[in-house]
Amino acid sequence: MTDSEAQLLTKKDYESDQAVRWCPGCGDYAVLAQTQKTMPTFGRKKEEFVFISGIGCSSRFPYYMNAYGFHTIHGRAPAVATGVKIANPELSVWVVTGDGDGLSIGGNHFMHALRRNMDINLLLFNNRIYGLTKGQYSPTSEIGKITKATPFGSIDYPLNPPSLALGAQATFVARTIDRWQAHMSDMIKRSYHHDGGSFIEIYQNCNIFNDGVYGEYTGKEKLDNVIELKHGEPMIFSNGTKGIKLDGFTSAVVDMSKHSVTDLMVHDETNLDLAHIIANWTSNPNLPEPIGVIYSIDKKTYNQEMVDQVKTAIETKGAGSVQDLLNAGDTWVVD
Amino acid sequence: MGKSIKTIDDAVIRFAGDSGDGMQLTGGRFSQTTAIFGNDLSTLPDFPAEIRAPAGSLAGVSAFQIHFSSKDIHTPGDKPDVLVAMNPAALKVHKNELESGGTIIINTDAFTKKNLNFAGYESNPLDDGTLDDYFTVIPIEMNKLVTAACEGLDLSPKLVARTKNFFALGVLYYMYDRPLEATEKWLEKKFAGKDSIIEANKRAMSTGYNYADTTEIFMTRYKVEKAALPPGNYRNMNGNLATSLGLLAASERSGLKLFYGGYPITPASDILHTLAAWKHFGVQTFQAEDEIAGITSVIGAAFTGNLAVTATSGPGIALKGEAMGLAVITELPLVIINVQRGGPSTGLPTKTEQADLNQALYGRNGEAPIPVIAAATPGDCFYAAYEAAHVALRYMTPVVLLTDGYLANGSEPWQIPDMDDMDDIDVEFAKGFNESGEFLPYKRNQTTLARPWAVPGTPGLEHRIGGLEKADLTGHVSYDPENHHRMVELRQEKINRVSQFIPPTDVFGKDHGDMLVLSWGGTFGACRSAVETMQDNGMAVSHVHLRWINPLPKDLGEILIRYKNIIVPEINMGQLVTLIRAEYLVDARGLNFVRGRPIGASTIIETVKKTIGG
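Protein chains in written order, with our numbering: chain A, 1 to 335; chain B, 1001 to 1614.
Keep in mind that the hints were calculated from the coordinates and are not lab data. Honestly, I wouldn't trust all of these hints.
Computed cross-link-like contacts, PhoX-like style, restricted to lysine-lysine with a CA-CA straight-line distance of at most 25 Å [said to hold, decoys possible]:
hint, chain 1, residue 1, chain 2, residue 2
1, B, Lys1189, A, Lys317
2, A, Lys317, B, Lys1279
3, B, Lys1003, B, Lys1279
4, B, Lys1003, A, Lys317
5, B, Lys1279, A, Lys300
6, B, Lys1257, A, Lys45
7, B, Lys1257, A, Lys46
8, B, Lys1431, A, Lys46
9, A, Lys300, A, Lys189
10, B, Lys1185, A, Lys317
11, A, Lys45, B, Lys1431
Quick list of simulated restraints, FRET-style, between CB atoms [unchecked claim]:
hint, chain 1, residue 1, chain 2, residue 2, range
12, A, Gly107, B, Asn1358, 23 to 33 Å
13, B, Asp1426, A, Gly318, 25 to 35 Å
14, A, Thr10, B, Asn1358, 24 to 34 Å
15, A, Gly144, B, Ala1055, 37 to 47 Å
16, A, Phe249, B, Lys1431, 52 to 62 Å
17, B, Lys1431, A, Val20, 25 to 35 Å
18, B, Pro1054, A, Asp247, 37 to 47 Å
19, B, Asn1358, A, Gln304, 36 to 46 Å
Some residues of chain B that are not near chain A, with every Cβ distance over 10 Å (derived) [as the list claims (entries may be wrong)]:
hint, residue
20, Thr1330
21, Leu1440
22, Pro1504
23, Ile1561
24, Asn1592
Note that the Cβ used here is the ideal one computed from N, Cα and C, for glycine as well.
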């Protein structure tokens, strides 16, 4: 594909010939559509995209993208993606995972891929349930959840994916919602343009096993329950009627009829302390759910460091010859 | 009184001491000097898993055995002729393995009451006469002698005491008439900038040499003449380095970048260390977060067109099982190296074993055949690694390379190969649509049944692969029962066809007889030595050594039936012998020792004699 051909790609070019087999009404459809729609906007050759997944409903994603794809094994997609990216750093590598795949069985790889700032894009479809195995609680399910595996309610405390990502030294952490299509597309673009490991948590509805789990962020009362993060802007939500004020390390919702904008906390994507505070609003009944880019900084990537080390080694030692290496060391001749 | 010089064919010496006494280093130097001198040799390092067990304890004893000869030899020797015991614990652990009438050189300064108690001696074996009936004991006050030798040097008494291993080395150099220069040069390089350390060790070594020369306790010196090895350039080679070099050679000859992903584990880690230093060859190494990420990163690199390799040992291979299945179903070329160690579980991390053969052959869910090749000697690891990579790329399949702790750390003189003599490794990536005008990722080469390798970045060949069953040709997900059966058969047939690649089996000895010794992997040396000895004694015994265990060579069945008896020595409970019996319906018998060390040639000889007489 030439560069000018790449400019002319459309959503259709990214649709594979495979029938999509998610349950009707599944939030995954929205993510697939937005991804297929957003990819052509990059003007990049189709053959340079690789989608890698693990196991679970979301992990069927690569089959439906007309790009290079690899449906691997449970939890290991970030490690496979790491090998792909090191082997060819020119590729745009995407990992599609879920809350069970990415945070439970694959928690270790998730953490280390982000820690290394491997330049891959992690899309985590969080539906707070195991779908493909038919409805067990996941590591993001709320405490007390009744499932087939927890008939008396779950006694597992859920983890908070953005906090985990920040703790793992991620350089880009964002959250979006399946129903927020334009926002999702923006997040995908931000992730693509971020030079380093990026993590997007996507709140995704499972209409079969966990229907309405994000209803408070997508239904009528959503304006009261979410805040869209905007870099450099004050923390204001609910149509401008509410804001968030920082009192020491404690965040509190304030009534804007009694406060001025200057009282409010201002979002700064590059501030790690703020990012930790914002990530902690997750599932807090007294604070709105943060949606958008929580954290984004520039830091040299593992894959670039690797390229540079190889280059430096060749420059300083000269390109190696195996025969010379074989002949090296203490040798002797037998006549 | 003059000293006599006795020429002998071969000698086996063992250095034993505390983990902190530098026995591995001492043995390594003696090996290097002996190799350059021109003997054939074989070594067996034997060290504890603990980095530093309590000083003086039995658990902390570290040993290094070397067998060197004027003849062609294959093993590190069954029983040492000379034991160097640097402390009571070393004496206690190793004296029973010494040849009766052998020599024990002892550092008496370490035989303190505390050390004797620690080793479980109630009385001092140097005084109570328990050794004298069996051995020639040479007691030397090594600490005292090195202290005197290093007088005037600006070094703490502790650092001076550490040079006593070089004193012992000097004594052995005298006994076997070896030059000191190579070791002196090595010291200068190793401790460059630390002049007093260099000087202290040099003094300790020459003091040991001179002490043996002047005192009358050494009345005989031994001469082991150069061995008549095939002409060529040689170097001393251990298994892990040979494996790494073989991979690098395959990378150069295939024109593919080498990617290594792995997790540190004994005794495989040295492969990671070695490859990590070869960045100027374009080698990329990735120390993963765990064994699973080690192999799955490698699968990603294989998908992307690299020569992709992982190595592990012991429990590490169990962790890689699921990913190996993924490589089987996606038909990607990778080399999986298992440097076998004692198991099960954590087992014996630093000891050798051959008990992972079944895991290599069968350790996956579903029908998941993988070619399995095993290296025979430390130097052979080079060729086995090269061949493993060649088959992986030719047949688009993961390949398991089995080595073991003994091969990995053991060494032998190695004739340096000429890269021009290595087999060509042709790799062709898919570049465009095939004749039907579409790209079919599972349309196979009719000879090898390999599928095309279309790497990300190739225009027009975008396709999806994965762990779900593949439809024949298209590679789409398929749950069709007939398709599944066909794909299972195709994957098996592809591996069967690797036998096209295997040359006819080499039979050492007559093509029929009373006994065939059948071996695989690191027991090669012991089996070959045993069979040579028995043949010299006129016994009708032959030897076949298997390099590929999956698939087995096509001609093996017809060879096996020509012998009245078949014996299969293995360091496991009988894994190959079970396969041979099942595959060929022959009455092969096992000879099984699982002691964390190589099987001795003498044990094989005894067993064969018991079976067929002679």
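Do the hints match the structure? See the list:
no.	hint	in the structure
1	B:Lys1189 / A:Lys317	19 Å, holds
2	A:Lys317 / B:Lys1279	9 Å, holds
3	B:Lys1003 / B:Lys1279	53 Å, violated
4	B:Lys1003 / A:Lys317	51 Å, violated
5	B:Lys1279 / A:Lys300	19 Å, holds
6	B:Lys1257 / A:Lys45	24 Å, holds
7	B:Lys1257 / A:Lys46	24 Å, holds
8	B:Lys1431 / A:Lys46	16 Å, holds
9	A:Lys300 / A:Lys189	20 Å, holds
10	B:Lys1185 / A:Lys317	24 Å, holds
11	A:Lys45 / B:Lys1431	16 Å, holds
12	A:Gly107 / B:Asn1358: 23 to 33 Å	31 Å, holds
13	B:Asp1426 / A:Gly318: 25 to 35 Å	27 Å, holds
14	A:Thr10 / B:Asn1358: 24 to 34 Å	53 Å, violated
15	A:Gly144 / B:Ala1055: 37 to 47 Å	56 Å, violated
16	A:Phe249 / B:Lys1431: 52 to 62 Å	59 Å, holds
17	B:Lys1431 / A:Val20: 25 to 35 Å	30 Å, holds
18	B:Pro1054 / A:Asp247: 37 to 47 Å	56 Å, violated
19	B:Asn1358 / A:Gln304: 36 to 46 Å	43 Å, holds
20	Thr1330	8 Å, violated
21	Leu1440	13 Å, holds
22	Pro1504	28 Å, holds
23	Ile1561	40 Å, holds
24	Asn1592	35 Å, holds
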